[in-house]
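Asks: Residues per chain are reported as follows:
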Amino acid sequence: MKKHLIALSILSAVCLAPQAYAAPKTFVYCSEGAPSGFNPQFYTDGTTFDAAGQAIYDRLVQFKPGETSISPALAESWEVSPDGLTYTFKLRKGVKFQTTKDFTPTRDFNADDVLFSFNRQWKDDNPYHKVSNGNYEYFTGMSMPDVLNTIEKVDDYTVKFTLKRPEAPMLANLAMDFASILSAEYADAMMKAKTPEKVDTDPVGTGPFQLVAYQKDAMIRYKANENYWEGKPKIDNLVFAITKDNAVRWQKLQAGECHLMPFPNTADLKAMQENKDVTLLSQEGLNIGYFAYNTTKKPFDDARVRKALNMAINKPAILDAVYQGAGKVAKNPIPPTMWSYNDKVVDDPYDVEAAKKLLAEAGVKDLKTNIWAMPVQRPYNPNAKRMAEMIQADWKAVGVDAQIVSYEWAEYLERSKKGEHDTLLMGWTGDNGDPDNFLAVLLGCDAVKDGSNRAFWCNKEFNDLVQKAKTLNDQGERTKLYEQAQEVFKKEAPWATIAHSVVYEVARKNVTGYKQSPFGLHQFKNVDLAE
Amino acid sequence: MFKFILSKIALLIPTFLGITLAAFLFVRLLPGDPVTILSGERGISDERRAEMIAQFGLDKPVIVQYFSYLKNLLQGDFGQSISTHRPVVEEFFERLPATMELAFFAILIAVLIGVPAGIIAAVKRGRWPDHVLMGSALTGYSMPIFWWGLLLIMLFSTTLGWTPVSGRLDIINYYFEPVTGFMTVDAWLSGQEGAVKSALHHLILPSVVLSTIPMAVIARQTRSAMLEVLGEDYIRTAYAKGLPTWRVIGIHALRNAMITVVTVIGLQVGTLIAGAVLTETIFSWPGVGKWMIDAISHRDYPAVQGGLLFISMLVMLVNLIVDLMYGWINPRVRDGK
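Line order of the protein sequences matches chains A and B.
This note's numbering puts the last residue of the first sequence at 531; the count rises by one with no breaks.
This note's numbering puts the last residue of the second sequence at 1337; the count rises by one with no breaks.
Wrong hints could be hidden among the right ones.
[Said to hold, decoys possible] Label pairs and their computed distance ranges (CB to CB): (1) A:404 / B:1201: 42 to 48 Å; (2) B:1030 / A:133: 21 to 27 Å; (3) A:468 / B:1074: 57 to 63 Å; (4) A:376 / B:1057: 25 to 31 Å; (5) A:90 / B:1040: 34 to 40 Å.
Everything labelled a hint here was simulated from the structure, so no lab data went into it.
C-beta: ideal position from N, C-alpha, C; glycine also.
Take these sequences, add in the hints, and give me the full structure.
Replies: The structure is reproduced here in C-alpha cells:
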C-alpha cells in the first residue's frame, strides 16, 4: 500500500509539474522619490512622470524609447498644414482604457478623451479645471495657452488642433507627460458620483501598467495592462520601491531587492563597474551645466570681461573633479546629442595670460565678486560647491577675488530670480528634445521676466534668430538659425558653458529590454527579466 | 487624581495655541515660497506667480491668513497640501503608523537594554562593567546616525545577507491592502504565511539604529538615578536588615529611581516620533519625519503647519501620560506635596 502511495505521488508530481504556473515576474525599480500624485497634468517632477505619465498613461505621440524623435502613439498619423497652424491627428482605434473597481469603460478611446484632457488644463469653464485644486504648470510653462487657438473633434477618430502662431516644437510638446490622455467617460462617471477627484487619485489610463496600490512614500504597485495596444508588457508586476538615499539604493540593488536604480552616487561608479552582478548603463544627458554672469551688473555687462573670465576657467579640470570624467566639456548652450548643435563653434581656450590681457583691456583691475553655488545635486551638476571652489581658485590666478555664496534651494531660486548674484551656477535638462527648449527658455528676452534667464541677457540678434526659428516647420531652416544663434552666444558669452554630463543608471544583470531615456524618464513597458 | 488630570489638560490649551502660532510663523519666516520651488530652474512669469500665490491664499496679510487658519482649525480643517493637493490630515495620518511602529520597537529595545545596563553600571560603579557600559553609551550617543545606519546595512544586509536593506516588507513576495497601517498587524491580518516574519525582519535594523541614542540616554540616566538612590539611608537600612541584594536593588532602589527613568523615557518617546527623520531616510521608512522634511523644503505651508501641530500634540500627549504616571509611581506628586 505504502509503495503504491509513493508511486502515485511521484506520478502526480510528474504530471502536475508541467502545468504548474510560472511565478509571476515582478520587476522592482528603486525610485529616487515618491510621486506628487497620479495625474501628470498637475506636476513638473520626473518622479511623478515615471510613476504616472510613463506607467499608466499614453499620449497622442511618444518619444521613441531611448531617443528624442517622435513616433505615433494614440494618434496613428498626423498632418501639419503648410503654414504650420493646423495639426490634424488620426486616432488609433480599439485602444482600451483600464478597468478599476469604480469604473468599467463602455467604449474605446476616442476624440472626446483628447478634448477632455486638453480642455481641462486650458479652459477655466471646464467642470474639471478646478478639481483637486489643479495647477497646470507644464501646460502653462510650455506656453500652450498662448499657442492654442482651438481644439476640435472632426469625428470620433480625428482631432484638429489650430494654433495662433506657428510653433515648431508643438509635436514634441504633445509627447510630454502633461499631454497625457485621460478618459472623458471616467471623468463624467466620477462627476456624476460626486467624486471627481478620483480621476486624479485613482488613475485610469491606456498605458502599459495599471495602478494596484500606492503606499505613501514606501511603494507603488502596478500590474501589467493585459489589453495594452502595443501588447501586454513582459513583466507581470511592476513595483516602485521608493528609496530616497542613493547609497541605500545601491545596497538594495546589490542585495537583489531591486532590479534597477537611477541616480547613483558618482563615488560608487567604480564599484558598480567592477560588480559582476550589475550593469552600469550610461547615456549622454540632454543637459547643460552652466555658469551665468549677471549681465546687468558691472563689469559683467562687458562681453570682453565675460570672455576673459571664461578663458580663466580650467574646464577639463572641473570635468575630472566634479563629474569624475563622466561628461563632456561644453562649448554650446545645447548638448551635442541635440539636432542643430553647432560643432563649428570654437570654445574660449583656457589661457590665463590672454584672460589677464583682456581684463586689462576692459579696464578691470582687482575685481571683487561672488560666485553662487547651488545647494542641490543635479545630473547636470553633481557638486556645485566644489565647482565654485575650482572657479574661485582659477580666477585668483587672473587677479579676481571671488567669494562663494550659497543658500538653501528655495532661497537660491528666489534671490537669483531677483538678480542678486554676480555670477551663478545653474543648469538644465531638456523637456522635449527641441533646441527652443534650451535657447528660448534659458536665454530668450521673455525668459528674463520669467526668471529662467539668470544671466539677464537679452540680445536682439540672438533673440530674433530663436524667435524666427520657432515659427518655421522645416528642420533644415531651423537648424541654420539655431547654428547662427549659437555663434552669437559664443561671441557674447553670457555664460561659461561648463559641461554636459553623462547620466548613469544601474541594472541587475538579468534585466533585458531597458533603454535609458534622454529626458531622464523611466519606462518599463519593454523590460523583461531573464531567468 | 481627577483634579490633577484636569489641571494638566487645562495647561494644554495655551500650549496648543502657542504652537499654532509658532508653526504658522516658522514656515513663513523661511525665505522662498511654494511657487518659487514649484517653478524651479524654469522660472515663472510675474502674472502667473501672482495667480498661484492667490490660489494658495498667500496674497492676504499674514495676520488675516493666521486667523482664517485658526478658524478652519476650529472647524477641523487642517488645510490641503500644496504639493499633493490632498488634505493634510490624510497625508499625516497615513504615515503616522509607520513612524509609531518604528518608534515602538525602538523604545522597546532602548528600555530593555538601557535600563538594565544603567542598573548594572550603577551597582558595579567604578569597575569594568561600568566603564564598558558607559563607554558604549557615550559612543552610541555620539554616533552619527546616517553613518551608523549605512554601516549596519553594509555589514548585516549586503555582506552577511541576514537582514533586508530597507523598506517594510518583502515586496516581491508579499502584497496586501493596508488596514491599520502597522505593517506587523496588517501582515498578521492578511494571513499570508511568512508575512509577519518578513515585517519583523524589516524592523530589526531601523529600530536598532533609532534606539541607539535613546538607549544611551536611558542607560546614563538610569545609572545616575540609581547611584543617587543607592546612597540613601533606607538602602543602607535595607542592606543592614539582611535583605538579598536583588531585592534591595530591584525593589527598593529601582522603584525610587523610576521617576527619573520614566521622565527620560517619556522625553525620548517625543524625540523618537519627532526625530526619526534620519532613520526613516536611510531605511526608506515611509513615516512622518521624512514627510515633514520634504514639506519644509517644498515650502508646503499647510503640510508643515499641520505636521508640526500633530507632532506637538503627540508629544504633549506623551508628556501628559508621563505626568500621570508620576502620580501613579509617586503619590507625593499627585497630591501636590
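Asks: Where does the structure disagree with the numbered hints, that is, which hint numbers, in rising order?
Replies: none
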